[in-house]
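**Q** Sequence:
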Amino acid sequence: MPRVPVGAVMTLAASLLAPASAWAGMPHGGSVVGRQPACTTPAASDDRAALWAPPLDRIVTIRLEEGSVRDAIDRLATAARVELSYSAELLPTTRRACLVAARVPVGAVLETLLAGTGLRPIVLASTQVVLAPSRVSRGTREGQGSRHASVLDRVVVTGSPDGAPQRGSPFALDVIDGAQLSQHGAGTLGEALDLSVPGIWTWANAAGSITARYGSIRGASSFGVSAPKLYLDGIEVANPLLVTQLDPARIARVEVIRGPQGAALYGADAISGVVNILTRSDGTSDGRAQRQISATAGVSNTAYAPRDPLVQEHAASLRRGSPSRSLGMGLTLGTVGAFVPGASERRLLADANARVTRDHAVLSGTARLSLQQANASTEPVPDGGDDYGVAGSGQDVAHYTVGGNVAIMPSLRWTHTIIAGVDGYRVRGLSAAALPGPLQASSAAQIGDSDGAADRASLRFRSVGRFDLTPATLLTLTLGAEQAITGEVLGRASASVLAAPRGGGTGAPGPGALTRPLLGASREQTTYANHGLLAQGVMAWHDRWFLSAGARVERTTGATPLPQQSVLPMLGATYVRDLGGAAVKLRGAYGTGIRPARTLVRNATWMGAASWASAANLEAERQSGTEFGGDVLVGSRLSLHLTRFDQRAAGLIQPVSTLTTTVASNGRPVRRMAYTLQNVGAITNRGWEVDASTRLARLSLSGALSLVESRVAQLARGYRGELRVGDRMLDVPSSTMSLSAAYGSGRWTLTTAAIRAADWVGYDRAAIADALAATTAPRELDGPALRRYWLSYGAVTRWRAGVTYRLRGDLSLLVSGDNLLNVQTGAPDNTAVMVGRTMTAGVRTVF
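Taking numbering that gives the first Met the number 0, I'd label the letters of the sequence shown as residues 0 to 846.
Misleading hints may appear alongside valid ones.
Derived CB-CB ranges, DEER-like [what the hints assert, rightly or not]:
hint : residue 1 : residue 2 : range
1    : R805      : L637      : 25 to 33 Å
2    : F460      : L806      : 48 to 56 Å
3    : G629      : D467      : 25 to 33 Å
4    : T657      : R576      : 53 to 61 Å
5    : R643      : A480      : 28 to 36 Å
6    : L637      : A528      : 47 to 55 Å
7    : L806      : A534      : 23 to 31 Å
Don't read these hints as lab results, they were simulated from the structure. Please read these numbers as outputs of a predicted model, since none were measured by experiment. Where a beta carbon is used, it is the ideal one built from N, C-alpha and C, also for glycine.
My request is simple: use the sequences and hints to build the entire structure.
**A** The following block contains the structure:
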C-alpha cells in the first residue's frame, strides 16, 4: 500500500463529512488487499464500551452476512445511527466480511472489520466518525493491541486552520458538545462556558443590559471588556460581547482555546482566547427531514417586583439531507417578565445553514439573526434599606452573520480553504454594566440615548500541505492570509456624568440622587482594517511526538492615528502515550496576543462613549505567556485534564476618574465625574485549571476548577489611577468551579449543575452613589481615593436542575429550575439585579 497522509483523509472528512460517494473521484495509488476472513464473533461485553470514545461506545447487536467490507461498514453505521465517512479507495476491494455481534460496542465491530487495513476511526462529533489511515508504523504496532479511538482522536477546527485531531494540539482546548448543552438546558454562551470550561467566568446580565460580561478569562486581559475572539462557523464576529444566545438543538459543538496561544492563528483581539461556535450541518441518518419543537413556560421569583414575572421559551428546528447535501434551520423565541418594575426582556434567534459536497470540494453557507431587547426600570429598587434606581431605556441589539466557505482538495497532499462572511450589529443603549468602574449599575442603564453600529467583512484563506518525511514522520505546513474591513458608526455620550435628582428635576442634587450622563449629539464614523499573514508547521513523529511552531504578522490601520504592526509567535510541544485502553498526554505552549487601543469591543460599552482625544497616546493591550498540562483518558469512562498557566498582560486600559464640583445658579454644588483612559502597566495572571469527567453505568459526572491570581506587577509612567503594585485586579474571582451530573434510567433523565465564583474585589457602588448624592461634601472620588470604595465580595453560587420524562416515542415532558438558590444581587457588585429563581415546564418532540 502506498503511503497516504492521515491528515489528508481526516481533514476532508472533518470539514466536509463526505460519504464514500463524494470521494469516488479522488486520485489514489492503490488499494489495501487483505485475506478473506472467516465469519467472526467479537466478544460481547458492555464493559468494553468504556474503552471507546462516544459514539463508538454505542452497543449494537448485528449480523453481517458475507459481503464486501464497505457494505458491512455501511450497514453497521445504519444500525448504530452513526455517521461514518471514509474514502472507498482506502478499503480493500477483494476482501469479504462475515460477522455476528451481540451487544458489542460499535468501535469493537469496526476494529474487527478494519483489521489489517491500517485504518482507524477518528471522532468528529456526537454522531460523526471518519475512518482515516493510522500514522503508527507497522513495527510500532507489533506486540501491542489496536489503539482505541479516544477523545484525543476527535477532530477540532479551532486549534488548527482546517481541522486536525485533538491528539497533537499543544493547547488546553475544550470541546462542548451540543448534546451536552441540550441536556443541561444551556441557552446562552455564558452558561455553556461556565458549565464546562475552566478558567472562563461570565457574570449574569443585570436588569436593562444584554451584552455579555466576562469576569475572568485566566485572570485579567482588559478592564471590563475582556472577551475571547469569537467565530460563528468560522466567520469572525464583530463584537463578541453581543453574542449571547444559543439554540442547543442547532449547535454541533463549541470549541474553546483559553489564553493567547491561539493568536498566532487568529490574530488581533485573540488576546485572551478563541471561541468557535459550529452549527449542525450533518443532515440525518436516513436523509429524511427531522423536525424538533419545544415549548416551555414558567415563573421567576423576585424580591424587586410586586408579582413574579412570566418566563417562556419556544424553539423549532429542521434538519434534512445527508452528510453530502444537507440543510438546517432554527427559530427560538423567548421572554422574561419584569423581575424589576419595567425591566423585561425579549429575544429572537433565527439561523440557517446548508452544505453541498462534490468530488474534490465542499461548499457551505450560514446565516444568523439575533434580536434582543432589555427594558430598564424607571422605579427605584431597594438595596440594603436605601433606594438606588435602575433607570433608563435599556438596550436593543440586532446582530447578524452571513457567509460561507469552500474547501478544495485537489490531491491527498494539499487542502485549500476560503472563508468569507459579513458580521454586524445595531445597538441602542451602550452599557457601562460590564465596566469595573465607580459608575453604579443604575447609571449604566441610563445611557439609553447612545447607540452604535458596525459591519465587519472578513476573508480568510488557508493552504495546508502534508508531507511524509519518513514512514513515521509527517510534516503539516500551513500558509494563510486574512483581511478584515470594519465600518463603525458611534453616537457618543459625553465623558462626564453628574449627580441629578431622581425624577428628572432641574434642581440641585438631593438625598438619593442618581448619577446621570450628559449625552451629546455627536456621531462619528470610523473604518478599521486588519491584514494578517501566517505560517505554521507541525511535525508528528510516530503519532506520539508533536512539535508546533508558527508566527503571524498583523497590521492594523484606522484604530489608531498611525498603523500598528505586530508579530505574534507560537511554540508548542506534545507527547502522547497509549497504554492499552488508556492514553496519557503531556503538552506545553507559548503564545502572544494583542488588542489595539481602540476596538469594537471597547466601543460597545460606555468606555467607548468616552472622549478619544488621548487615544493616540495609548499603547495596545498585549498578553503573552506559557501553559503546561497533562491529560489522562481511559476510553469514555474517565478523563482528567490539568493545566498550569503563567501569563503577563501589559498596557491594559483603565478609565481613571476625576471628581469636579461646580456651583449651580441656585447656589447648590453640582458634582461631576470625568474619565480619561490610561494604560495601567503590567499584570501577572497565574493559576491552575482542572477539569474531569467520568461515566459510571447510567451516571455521568463532570467538574471543573480554576484558581487564579491576577495582580498588578508594574505601573506605567503617568498612570494616575488607584491601583498599586501588588494589588489584586478588580472583578476577577480567585476561584471558579462547576459540577454537573446526569442520570438516565428508562424513560427518565435527571440533570443538575452548579457553578460558583468566590473571592473577588470590586467597587462598593452603593457607597459611591451615596457619596455623589450627599448634600455635604463627600470624600474624594478622584482616582487614587477610590481605593476607599473597594469592597471584598465573598461567593455566589448558581444551581440548576432538570427532569426529562419520555412520554412515548420522541415526545418528552421537560421540567427545569434555574438559579434555585435565588441569587439576585451581589454578582459582581452590590447594585446589579438579576433574574431570580426560575421554574419552567414544557414539552419537546422530534418527528
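**Q** Taking each numbered hint in turn, which are not upheld by the structure, reported in ascending numerical order?
**A** 7
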